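The primary structure of each chain is shown beneath.
There are 2 protein chains.
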Amino acid sequence: MSTAGAPPSAGRPPNETRFKKGGRDGTLIVVSRDLKHAAAAAHIAPTLQAALEDWATVEPELKSLYRLLNEGLLSGAFALDVTALAAPLPRAYQFLDGSAYLNHVELVRKARGAELPPSYYDDPLMYQAVSDGFLGPTDDILAATTDWGIDFEAELTVVLDDVPMGIKREAAGRHIKLFMLVNDVSLRGVIPAELAKGFGFVVGKPRSALSPVAVTADEFGDAWDGEKLHLPLVVTLNGRKFGSPNVGVDCNFSFARLIEHAAQSRPLATGTIIGSGTVSNKDASVGFCCLAEQRTIETIETGKPKTPFMSFGDTVRIEMLDRAGHSIFGAIEQKVVKYAGPGA
Amino acid sequence: MSTAGAPPSAGRPPNETRFKKGGRDGTLIVVSRDLKHAAAAAHIAPTLQAALEDWATVEPELKSLYRLLNEGLLSGAFALDVTALAAPLPRAYQFLDGSAYLNHVELVRKARGAELPPSYYDDPLMYQAVSDGFLGPTDDILAATTDWGIDFEAELTVVLDDVPMGIKREAAGRHIKLFMLVNDVSLRGVIPAELAKGFGFVVGKPRSALSPVAVTADEFGDAWDGEKLHLPLVVTLNGRKFGSPNVGVDCNFSFARLIEHAAQSRPLATGTIIGSGTVSNKDASVGFCCLAEQRTIETIETGKPKTPFMSFGDTVRIEMLDRAGHSIFGAIEQKVVKYAGPGA
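For the protein sequence lines, the chains are A and B, in the order given.
According to this note's numbering, the first sequence is numbered sequentially starting from 99.
According to this note's numbering, the second sequence is numbered sequentially starting from 99.
Isolated chain A, as found in the complex (with noise of 0.2 Å):
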């Protein structure tokens, strides 16, 4: 099932008088597998926060609202502009960002010169990443100068609802609701002091956009083993491919396992976001999901790094398309674009 958090100017409205005014958190849609119709969802749940705050009441209905559409039964559908909708969470109470691919976390020290300590085998690395606004997926990149070092990584995440304190790995992976594509960007020039001060990410990771629609676990088939998901990220800079790592390879840690791991001390409520980290494989040859691997190759390779960071114009794409060649998530299309300033 695919749901996504309509703007207010997206398709045609449904049931204005179940949403609130101002539009902070969209509206809720069923889109069709193909991303080209959508239907009204509000009368089941006015937004996607609201409906898993009541998931297991909401998915039947909208299960059912998505498979009339899909069988296009439903007279109220209305054709869609994947590329205009908002992110399906526009904000959200929390989003913790692990770092499942340690060939990502091992790259990007070692263009530090840093060594990867052994736990981090054993011991997920996740930060508290920004989560009070997610850009939509076309929404510009907003800098204030490329001195930043601006960045893209492409991620998998999974949308939770309430986990308790302190449950287990194999109790986890049932808290998992949804699927989404974000964009976490990074800005390369600002981490190293930021990081250096020992408290994390504030200024360096700004806010990330996420794919248009958010999945149920169903979409992907048998690319799903319950863990890991076996399809290719696919990444695209300026029009030219990027890099196509695939999602279930190299990754070091499920979903379940930073789930159990971010519950340790205190539950989570419905509607965190779980972010896989940057997808990353040893094969080079595959591409990159960040412009930091890149440069850490060439750096390995040539002493110093060739690729230049993102400019004010550039563009990347991110997207994951199923066997057949069908875009599952709709894609993450973002420009670069200088900021004016507060006042502007």
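Be aware that one or more of the hints could be misleading.
All copies of an identical chain are treated as equivalent in the list; a pair is satisfied when it fits inside any one copy or across any two copies.
DMTMM-like mimics (lysine to aspartate or glutamate), calculated; alpha carbons at most 25 Å apart, straight line [what the hints assert, rightly or not]:
hint : residue 1 : residue 2
1    : LYS326    : ASP420
2    : LYS295    : GLU213
3    : LYS266    : GLU399
4    : LYS275    : ASP123
5    : LYS436    : GLU268
6    : LYS404    : GLU325
7    : LYS266    : GLU292
8    : LYS134    : ASP179
9    : LYS208    : GLU292
I should point out that these hints are in silico values taken from the structure, not numbers from a laboratory.
Since this is a predicted model, take the numbers as computed values, not measurements.
Since the structure of chain A is provided, determine the placement of chain B on it from the hints.
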């Protein structure tokens, strides 16, 4: 003005039709200055988060209700048990905790044998903290084991409306809408290894508790100078006074400066909470707002800490009194309780 998010069980439930089931965001009430009475405010805004999202419209209505309540002119007012209240924001989209009191940072690092880099005096230390759930002011602190090294941290916080990216300090202060106290629960036995991983806190800082009510700046009278609040924060441990450092003393960064820091690369959404960090005065005779500082002083003086971290059954109370001795926010008062596990 004092506002709070009442749990469904507190006081007379105001206009039930106006709030959504589940109570994940509490129900807005206005609380009298003496914290003894309250009035339903859900007809103005269902929750504090909703009020903040429309503050310019909502604030005059709430202030009018507050005035009538304080003057005893509201027939619908009810007696309030302030200890039964939920957190004013039972969940929030963002909690950025600063370290405005470098004396705290200096002391805690000194105990770890670490020095404070000079840049810390210009560039605020801040981390992205847990906001998907806040404990109510009298909720237990649940811990699986005291090996976690359970500590409290008493802080002042502010709640913001929408802050544009790139805002400067001079313009930032006007986005401060409300103040709350927080007990930033810290697991000293977990933190060193977690921080050593370089990505900040996930497990070492579990859910924090907020004061019963949130107040506007006018409640402080001239104790608030527009930048800093000149009142002591009183911490009591198991019924004995532990410390009362003054929030306005040895504060290296104003909230406006912390907001400027946080918003460098992104906007901050309405309802963002900014924490001051543990309040700490250089004059150790006023006592402390966390156990770690007391232990550091003992280590410096005698070679090892004498004061233990919190044990099961220990209670910490955090409160701020105005110059007339009246409790401004109501008290945070929490007991440490052993967590029985996710199956219990």
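For each hint, the structure was consulted:
1. In this homomeric assembly, LYS326 and ASP420 come within 25 Å of each other (Cα to Cα) only inside a single copy, at 15 Å, whereas the closest approach across copies is 56 Å.
2. Proximity of LYS295 and GLU213 under a CA criterion of 25 Å is satisfied in both settings, with 19 Å inside one chain copy and 12 Å between copies.
3. For the homomeric pair LYS266 and GLU399, neither the shortest alpha-carbon distance inside one copy (42 Å) nor that between copies (43 Å) is at most 25 Å.
4. For a Cα distance limit of 25 Å, the shortest separation of LYS275 from ASP123 qualifies both inside one copy, at 18 Å, and across copies, at 22 Å.
5. With identical chains, the CA atoms of LYS436 and GLU268 are at most 25 Å apart between copies only, with a shortest distance of 23 Å across copies and 46 Å within one.
6. With identical chains, the CA atoms of LYS404 and GLU325 are never at most 25 Å apart, being 37 Å at best within one copy and 47 Å at best between copies.
7. In the homo-oligomer, the alpha carbons of LYS266 and GLU292 lie at most 25 Å apart only across protomers (19 Å), although the nearest pairing inside one protomer, at 32 Å, exceeds that limit.
8. Taking the shortest Cα distances, LYS134 and ASP179 sit within 25 Å of each other inside one copy (7 Å), while across copies they are farther apart (54 Å).
9. Taking CA atoms no more than 25 Å apart as the test, LYS208 paired with GLU292 passes in both settings, with 18 Å inside one copy and 21 Å between copies.
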